[in-house]
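Student: Got chain R sorted already, so can you dock chain D onto it with the hints?
In case you want the letters, here they are:
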Amino acid sequence: MNLQDRVLDIMRETFGIDEVSTDVSQKNCDQWDSLRHLTLASELEDAFDIELEPEEIAEMTDFSRVIAMLESKL
Amino acid sequence: MKTFVFRNQTVEAFMGYDGVTYSGYDDISLVPDDVDRYIWFYQVPVNADTAQLAQEIDSYGDKLDLVLESVDKAKPFIVLSLVNLFPLRFTGDDTSVERAVNGFNAHVAQLASENSCVKMVDFADFTARYDASTLVNWKYYLMSQTLLNPKLAKDFQAWWQRAQEELELKRKKCLVLDLDNTLWGGVLGEEGVDGIHLGGDYPGKAFSYWQRALLQLSRNGVILAICSKNNMSDVDEVWEHNPHVVLKREHFAAMRINWQDKATNIDELARELNIGLDSMVFIDDNPAERELIRQRLPQVEVPEFPDKPYQLMPFFKMLVDKYFRVYTVTAEDRNKTEQYRANAQRRAEQARFADLDDYLYSLDIAIDVIPADEHNVPRIAQMTQKTNQFNLTTRRYTDADVTQFVGRGWRIYCMSVSDRFGDNGITGTIFLRPVDDETVAIDTLLLSCRILGKGIEEAFFKTVLNLMRLDGYRRVQALYIPTTKNAQTADFYDRMGMTCVATGDDGSRRYEMPLQHVFEIKNCYNIRVL
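Which chain is which? The protein sequence lines are R and D, in order. Numbering-wise, our numbering comes out as the position in the first sequence, counting from 1, plus 2. Numbering-wise, our numbering comes out as the position in the second sequence, counting from 1, plus 731.
Accuracy of the hints is not assured; some may be wrong.
Unchecked claim - Calculated cross-link-like contacts (lysine-lysine; reagent style DSS-like; alpha-carbon spacing at most 27 Å):
#, chain 1, residue 1, chain 2, residue 2
1, D, K1048, D, K903
2, D, K1185, D, K1216
3, D, K1117, D, K733
4, R, K75, D, K870
5, D, K1053, D, K1039
6, D, K885, R, K75
7, D, K733, D, K901
8, D, K870, R, K29
9, D, K901, D, K1053
10, D, K901, D, K804
11, D, K1048, D, K1117
12, D, K960, D, K936
13, D, K882, R, K75
14, D, K1185, D, K1117
15, D, K882, R, K29
As the list claims (entries may be wrong) - Which chain D residues face chain R? A few, computed with CB under 10 Å, are given here:
#, residue
16, Y871
17, T877
18, N880
Derived by calculation from the structure, the hints in this document are not laboratory data. Built from N, CA and C at the ideal position, the CB exists for glycine as well.
Isolated chain R, as found in the complex (with noise of 0.2 Å):
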């Protein structure tokens, strides 16, 4: 599986919706929610092994930016 439906994966299950697209975003998406946020980056971590910093949690507000965070720590 590639990185992007690794993501959408985590994103399905963290936000608990059935349809993730890869234009999601904190905007346009209601239970992509601050609480939620912080269980995303949670999974996240745990997923690709690697240590998210506050700063860099509070900057992943779409779906690009999340995959771009991703691929700068992989």
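Tutor: Showing chain D alone in chain R's frame:
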């Protein structure tokens, strides 16, 4: 089910989102009443000023009292105990925070003993599994006000699920034990009564501890049974002559000590004890036997067995945590082994009598019909949760539900049954809901399967309907809802002379009957209405 959570930190990742709403942080000003249950899940805050922190924790007890005054006492109120996840102490003698935490927890225990709606769940049972650095994740705490590490959310949810099952009194009923290298070390047939390892030094000491622990498990209402390939006479000799044996014949409700295959034996044990295979756990040191049971009887739980005798106590704790712990046990539970044994004797006795009535007379059966009160409500609720076979509607209720029904004017009775072989305790209940001045409807009617086969269900049913008639009711309605387990009750109301007036798509049937005459009851029962 709608849940409302009182909290002082962000606990959404642990308690979830579906059907759950949350208070503001440490905010008790809003107590919604359109929910089904309440949870109190406070954390010890982080505060380097320990005196101030202790004071703050002390205030939680008062707040909890205030909330309890304003909630509906018929709804469950679950309180998680406090655990200090970040103990900070400047001087060794400063125990103020610990004292405040212990004080709060003692207060909750007190509330739980005084209010049947309040249940206390020990949060330390979860936190004790992790070291301090795993429990707290400072990065997430400072971003989101949740001291408990969000990476433990999945573990927490599994633990919380089990904790709730304990509150619902769900557990396995029977532990089936092998003997050689399981209850004692060594093989009895080879090493002899004095050669087996039991008592004295290690490894015998490990088996003694294990047997004593199992004895306590049985005193907490779990039935013990034996399934072993051995000669009965050899085992008798251990019971009679080995001074270290703790678990003796009388501690086992049933046993199969023979050379038959164990799957057949366990199947027979389930029938003899009148319990489902899915309420049994099988313990055997032999992997081949375990595999046989897993394949032939997949409903039976078969845990791995430890390689070393010194691992028996942690193994025992695992068994208790995973299969047997419940929130509370009743007096009936504690005597369970005795009751199941007495039942086996009754069945032996039955074979001696040609006529059922002769047999019933010989038993000296006494039936006490008791209205629901604060003492028997926990047992009544427990029976609705656990009874599957003789249960006409299989509706599951909590203590709080039952109390609520009584408050609404339902007539709820239970019965206590004894005979010359022993006291079965409270083993049946009936819930009657008034429909109008002349009509009463049976919401629930159930009997524990261990007292069936003696016509007691009929005597109980008729006694209670006679009471209803005396109270002025002229008509009784009833409902049968089929399940996979209650087929034996399908024609109960027909046999009681009721008329089926409607049949549902699911096979359920509605019944009615006028209450014109007094029901005749066989005089082989000594019935008292309390």
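Student: Each hint needs a verdict: does it hold in this structure or not?
Tutor: So, going through the hints one by one against the coordinates:
no.: 1; hint: D:K1048 x D:K903; result: 15 Å, holds
no.: 2; hint: D:K1185 x D:K1216; result: 20 Å, holds
no.: 3; hint: D:K1117 x D:K733; result: 23 Å, holds
no.: 4; hint: R:K75 x D:K870; result: 18 Å, holds
no.: 5; hint: D:K1053 x D:K1039; result: 20 Å, holds
no.: 6; hint: D:K885 x R:K75; result: 25 Å, holds
no.: 7; hint: D:K733 x D:K901; result: 21 Å, holds
no.: 8; hint: D:K870 x R:K29; result: 24 Å, holds
no.: 9; hint: D:K901 x D:K1053; result: 11 Å, holds
no.: 10; hint: D:K901 x D:K804; result: 23 Å, holds
no.: 11; hint: D:K1048 x D:K1117; result: 24 Å, holds
no.: 12; hint: D:K960 x D:K936; result: 23 Å, holds
no.: 13; hint: D:K882 x R:K75; result: 20 Å, holds
no.: 14; hint: D:K1185 x D:K1117; result: 21 Å, holds
no.: 15; hint: D:K882 x R:K29; result: 25 Å, holds
no.: 16; hint: Y871; result: 6 Å, holds
no.: 17; hint: T877; result: 8 Å, holds
no.: 18; hint: N880; result: 9 Å, holds
In summary, the structure agrees with every hint in the numbered list given earlier.
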